[in-house]
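Chains as they are written, first to last, in the numbering used here: chain A, -9 to 289; chain B, 888 to 1143; chain C, 14 to 342.
If you're looking for bench data, these hints aren't it; they were derived computationally from the structure.
Stretches of chain C that chain A covers, calculated by requiring three or more beta carbons in the stretch to come under 8 Å of a beta carbon on chain A: (1) 139 to 146; (2) 153 to 167; (3) 269 to 281; (4) 316 to 330.
Listing some non-contacts, in silico: residues in chain C with all C-beta distances to chain A over 10 Å: (5) 87; (6) 92; (7) 115; (8) 123; (9) 182; (10) 184; (11) 186; (12) 190; (13) 207; (14) 210; (15) 251; (16) 253; (17) 256; (18) 296; (19) 338.
Facing chain C, a subset of chain B residues (Cβ under 10 Å, in silico): (20) 942; (21) 966; (22) 969; (23) 975; (24) 978; (25) 984; (26) 987; (27) 997.
The structure presented is a predicted model; accordingly, all values stated were derived computationally and were not measured. Yeah, the Cβ is synthetic: ideal placement off N, Cα and C, and Gly gets one too.
Below, each chain spelled out in residue letters.
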Amino acid sequence: MIEVPEAPAPAPTPAPAAAQGSRGWLRSNPLLAFGGAISALIVIIAVFAPLIAPDPGDAGSATHPFDVLKPPSANHWFGTDQVGRDILSRVIYGARISPLVALFVLLIACAIGIPLGIAAGYFGGWLDDVIMRLTDIVLAFPALLLALALAALLPPSMTSLTIAISATWWPWYVRLIRGQAASVAGRPYIESCRALGISRRRIIFRHILPNAITPLIVQVSLDVGGVILTASALSFLGLGAQDPTPDWGLMVSEGQTYFTTDWWVVTFPGLAILITAFAFNLLGDGLRDLLDPRRVILR
Amino acid sequence: MRLEITGLNVRFGARSVVDVDELGVDDAEIVGLAGESGSGKSMTTLAVLGLANTVGATVAGSIKLDGRELVGLPEKVLIGLRGSRIAAIFQSPSMAFNPVFRVGDVALRALRRHGLTGSEATGRVDQAMRGVLLSPDLLRRYPSQLSGGQLQRVAIALAVALRAEVLLADEPTSALDVTVQAEVLELLRELRSRDGMSVLFISHDLAVIAELCDRVAVMQAGSIVEQGPTDQIMSGPQHPYTADLLRSVPAIERRG
Amino acid sequence: MLAVVVVAGVVLLTFVIAHAVPGNPAASWAGPHASPAQVAAAAKYLGLDRPLPVQIAKYFEGIFTGNWGLSIHTHQSVLSNIATAAPASLELVIAALIIALAVGVPAGLASARRPGRPADQAIRAGSILGVSMPIFWMALILQLVFAQRLHVLPVAGEYSPNLLFTNPLTKVTGFPVLDALFTGNWPMLGSTLTHLILPAVVVAAYPAGLISRMVRAQILDTVGETHVQMARALGLPERDVFGRYLMKLAWSPVSAAIALVFGYSLVNTFLVESIFDWPGLGSYAVASIGTLDTPAILGVTLFVAIAYVIANLIVDIVQAVIDPRIRLR
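The shape of chain A in the complex, shown without the other chains (with noise of 0.2 Å):
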């Protein structure tokens, strides 16, 4: 590399220092901040939803067969549905639903791939190759049609749908956390570690765990959009929720008959979901930029 004296970011723009504070950290940052910004307005509309949505009741199986299929207006900004249930009230409700789905199957993919990971790669010999076997099988199938299959064979519902999820998501995190273990194991310094005698579980525990959790962090960030998309996909089949839960996938699929003439009843769901995976991965992207090293020089 050509000995270049602490050149800052190669576009001809000034450098953006952190010393500027919290406005330059905003100009250089701004597709982090948005998104972190939305996602944020998510879980709040999501916690929220009973205060904000002027219909609660229509998140349920209320139906006001005299309002069926209004378009949208000063009463109902996004329109009323088949069933004449207020679509934006349904939309804030839904804010309820797939994030908390993307929570569990990425807890549940932690709580698995995290020990094997670690089993994996601190223990290595024919305990990572049965474990990598098991993951390169799994990772065969791409995600979705293995959760499509496995919730297509279940009865649906939002656990099922859950379950399936959870069960494709697993192996990626067994691969990131035994590839950190495993780098970390094999230094020089855990050896020394070893030959003072400190416990298995206190290196583990103390070293290991502490260097896996930036990438964990990043790597979760990262996923929380490609859940939604996928629960949503699957919802969007009639795998996941059933009318009456206002999940966004079923609302367009539900709404699909209707579309070509009232067009309101798929777009706003869908956009909602657009919205959703695009702000969490704006946020997960930016996450990465910030705390992996090598990007920060590239930004």
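Following the hints, complete the assembly by docking chains B and C onto the known chain A.
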């Protein structure tokens, strides 16, 4: 051929990394630019090539090649000059070649862009390779298949093939074994006497500079603190920094 | 090799899934009005009364000899169902990947040329948008806008049904576009291509976003290296540096990304097939899901997994060809 650098200032934003009042390279002359790592020597190379902006630096001042001002020239013109009049070789020859291209590919492409036909280009490069005592077959190899010394000689051959008049050599021997280093230095001397090629030899290694260069310029923190004929500088340094540098290389002190 | 082990594991896994699932396939096969005797007969026919290890062995034997079971809802061989439906899906995925490369690579390059500037931010935002797109929704919206409202593109199907009378398509490869091309059936070629546009663009959104980001990351990773300055110093114009020169380094990881995204895209096509009336594996899969046709579902799963493994193998070979670093190791 005369390369004349006057009042050159290279900066990153508000921070100045090169501040050269005067530095010149004449025909068939090897000029050494000595100094520690990080003193701005490499940025000087980039500035002369007109490539300082690719790392985000701005250039002010004057760099004249045979009286023609290079600073501020449009990119198109600079591309024409690069390789064909001014060439460069870099430290770490194994990093100076794209691992997925054959060693001769990029130069051949550059030659064709300069107007030569395919066979003319191949002919020139092959001849240049023989001139540095390497078989032209090596051009078809990938960088991972050649040694550091071979790669550096290929780099020099490419500069010759492009008919460069002045070669900017940025720490060319720092990553090489001493024996290979000697070969490369010999090659540079040969090119000077045979083809009249000039070299701006940038290095932190004073011993090598003392051995190779006709004149020396000593750079400290981006500015030239002393310059003159090599023997003169080595035997009687005027500036304290030069004296410091010399002290750290015991072998030179024993010379004349 | 490793691939064989993986495929064997895949086969085993599908068997495990099939038998871990609640539901009685014999009853489904016999139909809702069958008597217990008929259900028992169905069970015997389907081989469900044999002990488990025998069933597993038979299953493996079946898979490798081409007997993938009988589809419950079509009552035909699963494998033949798949063979009929697969080309349509594959055609769509390949078309989508071509579009994704054609859009993603230049976008990534443009993005990498001036990192941090507005163009870069915009392209990055666009790439992430592509990756966040709910495919089924995008399909519906595009279909509504371009086909039904603007009448620019056809609504559904692989080609215009009228053409079946005037310019019938002879089957050569099973891929409509290729068949039309090889038989010189120009009207049909035009029709198949226009029908391909909307679905392919929809499926291309995710890979395009992914490829764009990969290219950008790869280029920015290598743009500071010495050999790039060397290339510039030899007189290579900037356009070439960001075009052929740096891109050649990026093809290897991009190929790997394509293998990864192939499986994902194939499943995505399943989602949009019902929307565009595309007669591919997706429609078959959706119908199978609706009728709880376990053998069919597993057959499709197995097929996709195998296709995925094959795609990875192909990419491995391509990588060895285009990247000397891999060859010379």
